[in-house]
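Residue-level listing of the chains:
Number of protein chains: 4
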Amino acid sequence: MIIIMENNATDDQIQQIYERLIDQGFDIHRSTGTTHTVLGVVGKTDSVDIRDYEILEGVHEVIRISEPYKLASRTFHPEDTIVKVGNAEIGSNKIVLMAGPCAIESREQIRKIAKMLNGTGTTILRGGAYKPRTSPYSFQGLGEEGLKYMREAADENGLAVVSEVMDRMDIIPALKYVDIIQVGARNMQNFTLLKELGKVDKPILLKRGMSATLKELLMAAEYIMSGGNHNIILCERGIRTFETYTRNTFDISAFPVLKELTHLPIIADPSHGIGIRNKVAPLARAAVAAGADGLIIEVHYDPDQAASDGAQTLYLDQYEKLVKEIDIIATAVNRTI
Amino acid sequence: MIIIMENNATDDQIQQIYERLIDQGFDIHRSTGTTHTVLGVVGKTDSVDIRDYEILEGVHEVIRISEPYKLASRTFHPEDTIVKVGNAEIGSNKIVLMAGPCAIESREQIRKIAKMLNGTGTTILRGGAYKPRTSPYSFQGLGEEGLKYMREAADENGLAVVSEVMDRMDIIPALKYVDIIQVGARNMQNFTLLKELGKVDKPILLKRGMSATLKELLMAAEYIMSGGNHNIILCERGIRTFETYTRNTFDISAFPVLKELTHLPIIADPSHGIGIRNKVAPLARAAVAAGADGLIIEVHYDPDQAASDGAQTLYLDQYEKLVKEIDIIATAVNRTI
Amino acid sequence: MIIIMENNATDDQIQQIYERLIDQGFDIHRSTGTTHTVLGVVGKTDSVDIRDYEILEGVHEVIRISEPYKLASRTFHPEDTIVKVGNAEIGSNKIVLMAGPCAIESREQIRKIAKMLNGTGTTILRGGAYKPRTSPYSFQGLGEEGLKYMREAADENGLAVVSEVMDRMDIIPALKYVDIIQVGARNMQNFTLLKELGKVDKPILLKRGMSATLKELLMAAEYIMSGGNHNIILCERGIRTFETYTRNTFDISAFPVLKELTHLPIIADPSHGIGIRNKVAPLARAAVAAGADGLIIEVHYDPDQAASDGAQTLYLDQYEKLVKEIDIIATAVNRTI
Amino acid sequence: MIIIMENNATDDQIQQIYERLIDQGFDIHRSTGTTHTVLGVVGKTDSVDIRDYEILEGVHEVIRISEPYKLASRTFHPEDTIVKVGNAEIGSNKIVLMAGPCAIESREQIRKIAKMLNGTGTTILRGGAYKPRTSPYSFQGLGEEGLKYMREAADENGLAVVSEVMDRMDIIPALKYVDIIQVGARNMQNFTLLKELGKVDKPILLKRGMSATLKELLMAAEYIMSGGNHNIILCERGIRTFETYTRNTFDISAFPVLKELTHLPIIADPSHGIGIRNKVAPLARAAVAAGADGLIIEVHYDPDQAASDGAQTLYLDQYEKLVKEIDIIATAVNRTI
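Residue numbers (the working numbering), protein chains in the order written: chain E, 7 to 343; chain D, 7 to 343; chain H, 7 to 343; chain P, 7 to 343.
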């Protein structure tokens with residue numbers, strides 16, 4: 007931590023900061039320049055609220071040098087983390103395809119979709135059992151029953167399963183049926199849930215919150231990792247901006263930026279990233295071109311009859327066409343699918 | 007719901023939309039203009055995902071006429087809702103003051119603060135027992151023990167109590183000790199939690215999410231209200247923007263806008279709205295001048311030693327000075343404290 | 007234009023709106039539903055400020071049906087516009103490459119760069135003569151002298167030239183030396199400048215403003231087009247969001263969305279879109295994968311010594327490697343370079 | 007400027023940075039900690055693009071200590087600047103009222119409005135002669151003729167005049183008729199214009215750009231001031247966010263924050279800040295409660311017939327009522343009107 011004093015800071019002011027720092031057990035290196043005095047603070051400054059120093063008299067600015075996340079940081083873990091689930095290796099040279107309906111609607115529906123995905127290169131089946139709908143009057147999901155159907159459908163087709171939990175109480179059933187536990191965008195900073203998932207022995211797919219910075223996404227990953235679970239897959243799905251034509255603004259920079267900051271794999275959710283069916287493929291292609299490790303896409307045999315998010319769900323033939331395009335783009339970035 | 011067709015939409019396209027609408031049980035009024043055909047859709051369109059129609063061939067735009075919230079809307083409930091808690095009437099002509107520490111740190115601390123607030127005009131004691139900190143390495147709160155201390159401290163001083171729950175599992179203990187249950191900004195769209203709070207017989211203080219629109223805030227209130235609990239207090243606490251000098255941008259427009267859209271009371275949290283102690287008072291004054299029904303403010307006898315958020319917590323004398331200023335401003339908007 | 011009345015609007019209120027509309031020369035279709043009365047307004051409503059009706063008593067909402075832009079809209083001009091400049095056809099099946107330094111620094115510099123770009127597939131040379139720097143203390147460009155150097159350098163290598171003007175007074179010199187006149191992000195809504203450019207017989211490269219919606223970008227294009235100049239190239243270069251790791255958030259959705267809304271070509275400026283050299287290539291690849299018609303990229307033989315924007319400027323070999331990757335990605339979207 | 011090295015930076019990497027810094031004429035203080043080496047850079051670092059160092063190998067982060075603005079900074083000019091215009095002292099203890107129509111529509115209109123404002127406490131007449139409308143099909147202003155009418159109307163009523171210029175070419179006529187030259191939000195970073203205004207002997211009213219940070223607003227002021235004109239009045243008028251109910255989000259924090267950062271006066275434009283007539287007064291009151299030095303408000307004798315922005319323009323009686331409320335609020339912040 008570095009404290010930069012105002013150019014007219016008094017000795018008394020500097021002395022008071024010294025005392026507070028020493029009180030908290032920190033060492034200080036003082037460097038006096040022509041305009042500013044700068045204090046270098048050494049010690050465990052991670053849990054300091056830097057505003058506590060910023061508001062002191064004579065302080066110009068306080069800067070945290072070390073990132074507040076360690077386990078997620080590439081600095082301390084230079085090699086890529088590869089999360090292995092079923093036949094998939096997320097974060098490897100192979101781009102991983104996750105696909106399925108927004109919501110599990112029935113045993114028949116999910117089995118039909120799982121079968122249909124067989125042979126497309128998809129290795130992970132997605133589908134929601136607990137649906138956090140913005141309207142209290144909408145379909146709310148099949149719950150544990152849905153998870154059971156999805157497990158069966160996946161097993162019949164050699165797929166792994168990813169599904170979302172809403173809070174701590176959903177973890178127990180999820181552990182029985184699911185290979186990857188998903189944390190939705192609205193729960194990215196549900197620290198009570200994150201802490202619990204740190205104790206779990208399953209990979210976590212962590213979606214970026216709608217207004218979360220990349221640093222906050224990494225902090226959320228750190229939260230889980232600090233509990234002992236290091237198998238985290240990050241997921242970009244769009245952030246909120248002033249643009250109104252699209253629901254969210256898919257942050258394509260997230261891929262090169264996160265690749266530099268962290269060793270964790272990062273995948274793209276273009277379906278939620280744009281929310282309109284005929285624009286899902288361009289975003290999916292762009293994500294792979296920018297370095298995404300995988301895609302999670304909503305696919306249904308009859309999107310127009312889907313119980314939720316039909317408007318952003320691909321028809322099978324659209325998905326198959328997309329996979330072919332991804333196959334070409336993968337070679338441009340030295341990868342395969 | 008209104009469907010506006012493209013100016014070159016074909017009869018076939020219109021026919022297909024007709025069929026889909028009739029399938030779903032809607033009535034249609036068709037109006038053919040010189041450039042556009044417009045379809046007025048009558049029936050229970052609340053749970054329609056308008057994108058399902060927007061993506062159909064020949065459709066230019068789909069507009070939802072009715073707001074997706076009803077119970078929270080002033081249209082159907084023109085008189086102001088007044089939430090009565092202890093001696094406070096939130097939403098009445100009297101501006102309500104809620105104050106206290108960020109976190110309950112000990113029995114002594116919360117008793118000392120409650121006593122100190124006696125005589126300031128404050129009627130509701132705030133304090134956190136479950137602390138959702140962004141860093142997993144920070145103080146996490148006293149839990150139920152803290153709630154017990156706060157109840158005792160409040161009772162000794164004739165105050166009511168407001169405190170936050172993190173998820174469904176925290177509701178049971180909260181019901182024992184708390185008068186108003188707070189839903190934090192990060193949980194504004196935790197629909198699992200909101201649904202549960204709809205069944206509770208205590209007022210809910212619902213904070214606006216960091217990237218939530220006012221419509222979404224009202225939808226979240228609707229979620230709770232649809233479960234039967236109509237005692238909701240809305241709270242503006244700042245939204246995320248590109249401005250970096252302040253943590254959040256306090257949306258002062260929220261007060262006049264929400265007063266028009268809803269009958270629910272709306273209060274201000276200037277402490278989180280700006281996050282810097284010496285700027286809390288200007289924001290608090292502004293909120294009252296703009297029409298806020300109350301304030302929730304972090305106050306501590308020794309903010310510099312507070313376990314969390316000390317940098318945005320007021321000293322008692324700062325708070326007392328603020329209350330005097332608010333008292334003057336209240337008269338400018340025909341209110342009292 | 008459609009006016010939706012409140013569900014409790016009175017006949018008097020509706021009558022007043024009728025009178026106002028008839029005063030302004032509009033025809034009205036009235037449709038009375040069970041809950042809402044809806045007025046369809048027919049006539050030249052383009053220049054109506056819809057807020058004038060929104061604030062009237064009894065009005066729930068006013069919706070503009072027709073887009074406020076016509077000349078730029080694909081509805082009225084379904085075929086793609088192709089802007090021909092030198093050997094380049096922007097908007098055709100061929101992805102166009104524009105490259106060069108941020109600023110023209112000297113005759114030698116720009117000649118050296120133009121020569122270096124020969125054989126890379128680049129057809130248009132970029133370079134700034136008037137530099138709108140955020141600090142008044144930075145290098146401000148060579149002005150007309152710089153344009154002369156760039157023209158010479160381009161001619162020696164069979165390239166066309168694109169360069170930015172700052173205001174109306176820069177147009178005359180630009181006309182002498184430049185093939186495409188660029189309007190920078192900060193000038194996207196400089197309507198005085200746009201109007202003047204409507205009279206010019208050169209293509210315009212119009213950059214999206216930092217906080218402009220796509221609709222506003224199209225409105226700015228309309229401004230120029232309404233003056234008679236229909237050769238507009240749109241350019242996505244990132245918008246401002248709360249994310250701080252990158253300067254701007256490159257809006258990758260702009261490509262599929264604009265392709266639907268307009269017939270004008272749309273290119274990408276990944277250099278400004280991210281502002282960090284080693285992340286320019288991922289963004290450039292993503293833009294092409296998402297449907298961009300071309301790229302404008304900062305390239306220099308010695309970026310570290312560049313007078314401005316060196317940090318986001320590519321080395322020649324980085325640029326050549328990128329062109330090869332783009333070549334592969336182009337095939338995935340049925341295009342060539 | 008401070009350069010923080012990666013914790014695994016090599017001596018070679020540090021050596022290269024040394025050489026580059028010395029090349030550019032800077033002195034360096036090196037401080038070696040247990041984890042990070044920190045380089046303090048001394049010299050004229052204002053015009054350095056810090057990204058040039060951020061992209062070097064082994065660099066973790068580069069921090070600019072000194073603000074990039076000096077003339078506008080309170081650090082170097084602790085006393086408040088008071089801009090004197092006619093009878094008004096902007097930045098003094100007295101809150102200054104500026105009012106008038108959006109656009110000057112005719113000689114009669116502006117004379118009638120000026121007369122009507124007489125006795126309301128207003129000292130400065132506002133009105134636009136050059137109208138930068140977003141639609142090319144809207145009313146574009148009376149130009150110099152309008153300025154002449156406004157001057158006459160102001161003189162008849164003892165008022166001063168503020169009006170906007172669009173680019174460099176409008177400055178000459180403005181100098182003849184106007185007391186304060188306004189720079190609109192869209193021109194806040196029109197550096198060509200700002201530079202020219204630095205040479206002018208009239209106060210400048212500088213509006214914050216729609217997506218400008220407060221730092222950028224101060225940088226724009228610095229641009230003008232560096233040319234010699236130190237009479238700048240800053241103006242908050244709302245920034246763009248994801249909220250759609252209001253046109254802009256009025257940043258109420260701007261007042262306390264700017265008061266701390268700069269000695270320049272700061273006023274509020276609530277009319278553009280919210281864009282809806284019945285919400286202008288709450289915002290105006292809030293601005294004064296938060297510390298604004300003045301207000302600029304759109305007022306017209308017949309807003310419904312105004313040529314532009316009628317929906318956000320106050321009736322005279324609304325304005326008079328607002329002035330009375332402001333009078334009360336002023337006492338709460340120890341000021342008068």
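FYI, nobody ran anything at the bench for these hints, they're computed from the structure. Be careful, since some hints might not be right.
One copy or two, either will do: identical chains are not told apart, so a pair holds if it fits within one copy or between any two.
25 Å max Cα-Cα, derived BS3-like pairs, lysine-lysine [unchecked claim]:
#1 K327 to K100
#2 K330 to K100
#3 K327 to K265
#4 K182 to K265
#5 K221 to K76
#6 K265 to K121
#7 K50 to K208
#8 K76 to K327
#9 K327 to K205
#10 K121 to K154
#11 K182 to K221
#12 K118 to K182
#13 K118 to K201
#14 K330 to K201
#15 K221 to K121
Computed from a predicted model, the values in this text were never measured in an experiment.
Here is how each hint holds up against the structure:
no.	hint	result
1	K327 to K100	both (18 Å within a copy, 22 Å between copies)
2	K330 to K100	both (14 Å within a copy, 21 Å between copies)
3	K327 to K265	between (27 Å within a copy, 20 Å between copies)
4	K182 to K265	neither (32 Å within a copy, 46 Å between copies)
5	K221 to K76	within (12 Å within a copy, 31 Å between copies)
6	K265 to K121	neither (34 Å within a copy, 35 Å between copies)
7	K50 to K208	neither (31 Å within a copy, 42 Å between copies)
8	K76 to K327	neither (40 Å within a copy, 34 Å between copies)
9	K327 to K205	neither (40 Å within a copy, 45 Å between copies)
10	K121 to K154	within (16 Å within a copy, 55 Å between copies)
11	K182 to K221	neither (32 Å within a copy, 38 Å between copies)
12	K118 to K182	within (22 Å within a copy, 49 Å between copies)
13	K118 to K201	neither (36 Å within a copy, 32 Å between copies)
14	K330 to K201	neither (39 Å within a copy, 43 Å between copies)
15	K221 to K121	neither (39 Å within a copy, 40 Å between copies)
Checked against the numbered hints above, the structure breaks hints 4, 6, 7, 8, 9, 11, 13, 14, 15 and satisfies the rest.
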